[in-house]
Amino acid sequence: MNINLTLIGQLLSFVIFVWFTMKYVWGPITGALEERRKGIADGLAAGEKGQQQQELAKERAKEVLKDAKAQAADIVGQAQKRAAEIIDEAKGDARVEGERLIVAARAEIDQEVNRARAHLREKLAALVVSGAGKILKKEINADVNKNIVDSLAKEL
Amino acid sequence: MAGDTLTSGEYIKHHLTNLTFGQTSDGSWGVAHSAAEAKAMGFWAINLDTMFWSIILGVAFLYFFKKVADNVTTGVPVGMQNFAEWICEFIDTSVRGSFSAKNDLVAPLSLTIFIWIFLMNLMDLVPVDVIPELSKLLGIHYMKVVSTTDPNATFGMAIGVFVLVLYYTIKIKGIGGFLGELTLQPFSSTNPIIKVLFIPINFVLEFVSLIAKPVSLALRLFGNMYAGEMIFILIAIMYSTGLTLGLFAGVLQLGWAIFHILIITLQAFIFMTLTIVYMEMAHNEH
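These protein sequences, in sequence, are chains A and B.
When we follow the working numbering, the leftmost residue of the first sequence carries the number 690, and every step to the right adds one.
When we follow the working numbering, the leftmost residue of the second sequence carries the number 10, and every step to the right adds one.
Bound conformation, chain A alone:
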C-alpha cells in the first residue's frame, strides 16, 4: 500500500500497452469493420441497382414480347394470304389442265370415230364388193377391182 517504484513501472507498462494497441490492434480491427460496413453498403446499393435493372428488363421483355406477338400475327396473316393465293393458283391450274385434258380427249375421240368410220367404210366396201360379186355371180378379180373398191370406200 506504499507508493513506490511500482507507480513508474505501471505508468511505463500502461504507456507501452496503449502504444501497442494503437499501433497493432486498433487499426486493423476497426479498418476491417469499416471495410465490411462499406462492403455491405455497396452490396445493398448493387442489389437495389440490380432490382431496378430487373424492372427495366421486365419492361423491355414485355415490349419485345408485344413486338414478337405482332410480328407473329403478321406472319400468320401473310401465310394465310399466301395459302389462299396458292389454292387459287392451284384451282386455276387445275382448270386449265382439265380443259387441256378435255380437249385432248375430245381429239382422241374424234380420231377414234374417224378410225372406226374408216374401218366401217372398208368393211362395208368389202361387203358391198362381195355382195356385188354374188349378185353378178361372177368371180371378180379382187385385185383388178381393188381400185374401184377403194374409191368406193372413200366415197362412203
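To be clear, the hints were calculated from the coordinates, so they are not data collected in a lab.
Small disclaimer: the values here were computed from a predicted structure and weren't measured.
It is possible that part of the hints are untrue.
With the Cβ distance kept under 7 Å, some of the chain B side facing chain A (calculated, not the full set) [to be verified]:
#: 1; residue: Ala49
#: 2; residue: Phe52
#: 3; residue: Ala69
#: 4; residue: Leu71
#: 5; residue: Asn91
#: 6; residue: Ala93
#: 7; residue: Leu120
For the chain B half of the interface with chain A, some residues (derived, Cβ under 8 Å), not all of them [claimed, not checked]:
#: 8; residue: Lys48
#: 9; residue: Trp53
#: 10; residue: Met60
#: 11; residue: Ser63
#: 12; residue: Ile64
#: 13; residue: Phe74
#: 14; residue: Thr82
#: 15; residue: Glu98
#: 16; residue: Asp101
#: 17; residue: Leu114
#: 18; residue: Trp125
#: 19; residue: Pro160
#: 20; residue: Phe164
#: 21; residue: Gly165
#: 22; residue: Met166
Think of the CB as a built atom: it goes at the ideal place given N, C-alpha and C, for glycine as much as any other residue.
Dock chain B against chain A, hints included.
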C-alpha cells in the same frame, strides 16, 4: 481460509500486503518479509505481484487482440473476431459519443484502459485465498492478486492519462491558452484591474480542479476495488468460524461476487469514459 496461527487482523493484513522487492534496512536487496519492512523500503522498491499480474493480464489482452488483428477478415467474422469486434465497436461508440475532435490516440487508449482495468479487476472474482495459497507452496509469502487494489497501479494509469491531457491541452490551445484556462476563469471581468485581482482566486480553483482529475480517477478505482477486496477477505474469515457461518459465508461470497461483476465492469467503464471526457476537454475551448 485463515491459517491456524493467524488472527483475523493478521490475516487481513497479510492479504493486503504486497510482495515488495527493495533494499532492506540492513542494506541488502530482497523481498520484504512484513508490511512494516515493505514500508521501510521507501520509494525505491517495487511491488512484484502488482507488476506481475498487471503485465500478465495486459499481455494476455494484447496477445488476444493482436491475434485477431493479424487474422482479421472483412468477410463473415467468426469466433474471437466477433468478440473483439464487439468490444471495438462498443469502445468506438463510446468515443464517438463523447469525443468530437480528431485524435487517433483516444480510441486505442480507451480500449486499453477498459480491457486492462477490467481484466485486473476480474482477478477479484478469484477466491481470495486460491492464488496466495498456491504461491505459498512456491515459497512466496505475499501475493496481492488484484493489481487495481494497489494505488500504484491506479495512479500509474491516472498519471498517464493526466500527462496526455496536459500534452493535448498545451498542443491544441498553446501554453497561453492553458495558463488562461487556469487563471482567467471562472471569474472574469471587463475591468483589467479586477481581472488581475481575480487571477489568484481563479488559479486556486482551477488548479484544484485540474489536479482533482487524475486523483479522482485513481482513487475512485482504487477505493472501489480495495473495498470490494476487503469484503471478500472479511467473508473469507467467516469460513474459519464453523460450519453454519461457513455455509452462510459461501452464500455471501457468491452474492458479493455476482454483484462485483457489475462493479468491476462499471469501474473499468467509468475510468474509460472519464478519460475520454478529459481528453475532449483538452481538445475543446470552454
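For the hint on Phe164 of chain B, just tell me whether its beta-carbon gets within less than 8 Å of chain A. This hint holds: Phe164 of chain B lies near chain A, its Cβ roughly 6 Å from the closest one there, short of 8 Å.
Evaluation of the interface hint that places Ile64 of chain B against chain A, nearest CB under 8 Å: holds, 6 Å
Under 8 Å is the threshold here; is the Cβ of Glu98 of chain B close enough to any Cβ of chain A for the hint to stand? holds, 7 Å
Quick check on the hint: Phe74 of chain B CB to chain A CB, less than 8 Å? Because about 4 Å separates Phe74 of chain B from the closest Cβ in chain A, which is inside the 8 Å limit, the hint holds.
Holds or violated: Gly165 of chain B as interface residue toward chain A, Cβ cutoff 8 Å? Check passed: Cβ of Gly165 of chain B comes within 3 Å of chain A, closer than 8 Å.
Against chain A, is Lys48 of chain B within 8 Å by beta-carbon distance? Given a least distance of 5 Å, the restraint on Lys48 of chain B holds.
For the hint on Leu120 of chain B, does the least C-beta distance to chain A fall short of 7 Å? holds, 6 Å
Holds or violated: Ala69 of chain B as interface residue toward chain A, Cβ cutoff 7 Å? Nearest chain A Cβ about 11 Å off; hint violated.
Mind checking the CB of Leu71 of chain B against every CB in chain A and telling me if the closest is under 7 Å? holds, 5 Å
Hint check: is the beta carbon of Phe52 of chain B less than 7 Å from a beta carbon of chain A? This interface hint holds because 5 Å falls under the 7 Å limit.
Less than 8 Å between beta-carbons is the criterion; does Ser63 of chain B satisfy it with respect to chain A? holds, 6 Å
Under 7 Å, Cβ to Cβ, is where Ala93 of chain B needs to be relative to chain A, so tell me if that hint holds or is violated. Ala93 of chain B check passes; min Cβ-Cβ to chain A is 6 Å, inside 7 Å.
Violated hints, listed in ascending order, are 1, 3, 5; each of the other numbered hints is respected by the structure.
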